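Asker: Please take these sequences and the hints and turn them into a complete structure.
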Amino acid sequence: MKAGAGSRAFAPGAAPGQPRFPWGRIGYWAASLLFIFVSVFPLLYALSSSLKQGSGLFSPALWPEAPTFANYSGVFADQPFAQNLLNSLLVAGSVVSLSLGLSLMAAWAFGRVEFRGRGLLLILILSASMLPQVAVLSGMFELVRAFGMYDTLGALIIADLLLTLPFTVWVLVTFMRQLPKELEEAAAMDGVGVLTLVFRVFMPLLWPAMVATGLLAFIAAWNEFLFALTFTLSTEARTVPVAIALISTPSGFELPWGKIMAASVIVTLPLVALVVVFQRRIVSGLSAGAVKG
Amino acid sequence: MSRIELRGISKRFGDTPVLNDIDLSIAPGEFCVFVGPSGCGKSTLLRLLAGLEDPSAGEIEIDGVRVNQLPPAQRNVAMVFQSYALYPHMSVFQNMAFGLQHRKLPAGEIERRIADAVRILQLDGLLQRRPKELSGGQRQRVAIARAIVRQPKVFLFDEPLSNLDAALRVQTRLEIASLHRALGSASMVYVTHDQVEAMTLADRIVLLQPLAGRSDGLSVAQAGAPLALYHHPANRFVAAFIGSPAMNFVDATVASLGDGRVLVDAHGMRCAAQLSPQGLAVGEPVTLGIRPEHVRLGEGAQRARVSHVERLGEVSHIYLELPGVGTPLLAKSARDDIAIDERLAFDLPAQALHLFRADGVAQARGTARQSGSGC
Chain Z
48 MKAGAGSRAF
58 APGAAPGQPR
68 FPWGRIGYWA
78 ASLLFIFVSV
88 FPLLYALSSS
98 LKQGSGLFSP
108 ALWPEAPTFA
118 NYSGVFADQP
128 FAQNLLNSLL
138 VAGSVVSLSL
148 GLSLMAAWAF
158 GRVEFRGRGL
168 LLILILSASM
178 LPQVAVLSGM
188 FELVRAFGMY
198 DTLGALIIAD
208 LLLTLPFTVW
218 VLVTFMRQLP
228 KELEEAAAMD
238 GVGVLTLVFR
248 VFMPLLWPAM
258 VATGLLAFIA
268 AWNEFLFALT
278 FTLSTEARTV
288 PVAIALISTP
298 SGFELPWGKI
308 MAASVIVTLP
318 LVALVVVFQR
328 RIVSGLSAGA
338 VKG
Chain B
57 MSRIELRGIS
67 KRFGDTPVLN
77 DIDLSIAPGE
87 FCVFVGPSGC
97 GKSTLLRLLA
107 GLEDPSAGEI
117 EIDGVRVNQL
127 PPAQRNVAMV
137 FQSYALYPHM
147 SVFQNMAFGL
157 QHRKLPAGEI
167 ERRIADAVRI
177 LQLDGLLQRR
187 PKELSGGQRQ
197 RVAIARAIVR
207 QPKVFLFDEP
217 LSNLDAALRV
227 QTRLEIASLH
237 RALGSASMVY
247 VTHDQVEAMT
257 LADRIVLLQP
267 LAGRSDGLSV
277 AQAGAPLALY
287 HHPANRFVAA
297 FIGSPAMNFV
307 DATVASLGDG
317 RVLVDAHGMR
327 CAAQLSPQGL
337 AVGEPVTLGI
347 RPEHVRLGEG
357 AQRARVSHVE
367 RLGEVSHIYL
377 ELPGVGTPLL
387 AKSARDDIAI
397 DERLAFDLPA
407 QALHLFRADG
417 VAQARGTARQ
427 SGSGC
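Chains Z and B supply the protein sequences, listed in that same order.
Quick note on the working numbering: the first sequence kicks off at 48 and runs consecutively.
Quick note on the working numbering: the second sequence kicks off at 57 and runs consecutively.
To be clear, the hints were calculated from the coordinates, so they are not data collected in a lab.
Mixed in with the good hints there might be a few duds.
Calculated cross-link-like contacts (lysine to aspartate or glutamate; reagent style DMTMM-like; alpha-carbon spacing at most 25 Å) [stated by the list, open to error]:
1. K228/Z x D110/B
2. K160/B x E189/Z
3. K388/B x D415/B
4. K228/Z x E167/B
5. K228/Z x E109/B
6. K188/B x E231/Z
7. K188/B x E232/Z
8. K228/Z x E189/B
Small disclaimer: the values here were computed from a predicted structure and weren't measured.
Answerer: This is the structure we're talking about:
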């Protein structure tokens, strides 16, 4: 939404002193509005539905007749939704820190150390992310059972790494290769070990890349559904996407759309907050002044 | 006190030989400059000393200890990189302290060393800045300070001035020279492609030549004091590299041999060079060399037309057209009244002439010490 307003100065066909009819400008605004409408409408509809209750749900009006927050309180009252939120937070947080830590070390190895089979290994890692989740589901289930992790959050953390690690490794390898080699050599002259090099010299420089990939990994883990549905059983071990899908009414004969929408809105908020907080860190590059210039 | 010994050092990247058969000894406290054109492997040689590359063959000794297998940090060397390689996310203080903290030095000792380095390199007030908030010259000084605080036995400089502008380069050159005097006992090894830096800083110059893919060539063209390389180049490569503008070369044949004199015929011009005749035969093709600053104008028996003049103020470059020779003979002269197309008398003094045989090796200077007209 902001993008449209902020770009006004760059709107084409706005040259002063030209009495031509501003077709270009009109087209620009029409396209912008269409784009905004398409991207925002589903969100607005969810927000609107979450504020409706009973028969109001069946009215297509975007503005609810009698706005109510009953759905929001209901979500927390009828099931351990707070517990589910905490679970999601634990899983997504662990997945982000684990995948960033692991992929940072992997990125150093892939980006800086020359060894036989490096390219092949990178392709293998990438191809792991090409398999559809369903394909690995049964095998992963056997693994989880064998480790005795069924119905625990640990199972989800391990499974979600399969989704996040390939792209965090690939992105960080790319960024790692851009860092000047002299920095590593300077660190070698200073006598620091590999872990210090990776975490105290390279990590601060890769911070913008880490924030961006970490955010994507967080979103992937936060929204992950299939593994979470398969590897957990009890209500207390569920993460939010599963919890939302399994929200039901006591009667079992109607779908509680209002609550589902309220829960969905609640689930979106942490992601929005994360993006707002880290946006600036992504933009402000830290690597300036690494080498000359 | 630390002596560096290189014995039979060779380095190849894959099938490409970069350095071949280098024997070199760098004395304690010596300022040794590796110089040469690009691709001669001078930076590679420095990196071998630092331990950032491993030699393909040969031994490196520092202070009598074989260091081939030692990682860079345990060799007691410190390196200043061409791009400075400061840690961009750390302050100037942290940049200097980082390596010391990893050697588990007490905090007081670290503070003291950094205070010393700050005093020597005038970094007062910059300690809390990040590298990107510093000018090029300041970054350079921080990079040197980071090397000083380690109190190494050997300082390694990899083209440290190449990213500075001309005025700052001269100033920093002086600072490095006075730093070497101040630190006294530490040896310095300095890599540059700039012969002015090499001539002004070095106690000893090691001039390296590109191997051009041959694995039997020698990397070291000549090693010695700056003026020894200038006055007594061992071969044509050294003669052409040292000195600016470069030495004039004229094809010639040996006409006759005397006692401490060699008479050559260069396109009809007969020149006597005050050189040892040893190993030469009459009729042998040689190359005659003379530096532009040694050509005397306005005297002597030879005559030539001035084809071009460059006036630089302090000197003028006079291009003389020699009959039968493609490239003009360049002379340096303090006179600024010489005009193009003028016919000028010139003389090539016998004691300033160099002779190079077909394989490029220079003929040794004779023992006879009489001076006189060469041509």
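Asker: Taking the hints in turn, state whether each one holds.
Answerer: Verification of the hints:
1. K228/Z x D110/B: Given that 25 Å is the threshold and the Cα spacing comes to 17 Å, the pair holds.
2. K160/B x E189/Z: violated (48 Å)
3. K388/B x D415/B: violated (28 Å)
4. K228/Z x E167/B: Distance ~29 Å between K228/Z and E167/B Cα, so the pair is violated.
5. K228/Z x E109/B: Holds. K228/Z to E109/B sits at ~13 Å (cutoff 25 Å).
6. K188/B x E231/Z: holds (18 Å)
7. K188/B x E232/Z: holds (20 Å)
8. K228/Z x E189/B: Holds: K228/Z and E189/B sit about 22 Å apart, inside 25 Å.
The structure does not agree with the numbered hints 2, 3 and 4 stated previously, though it agrees with the rest.
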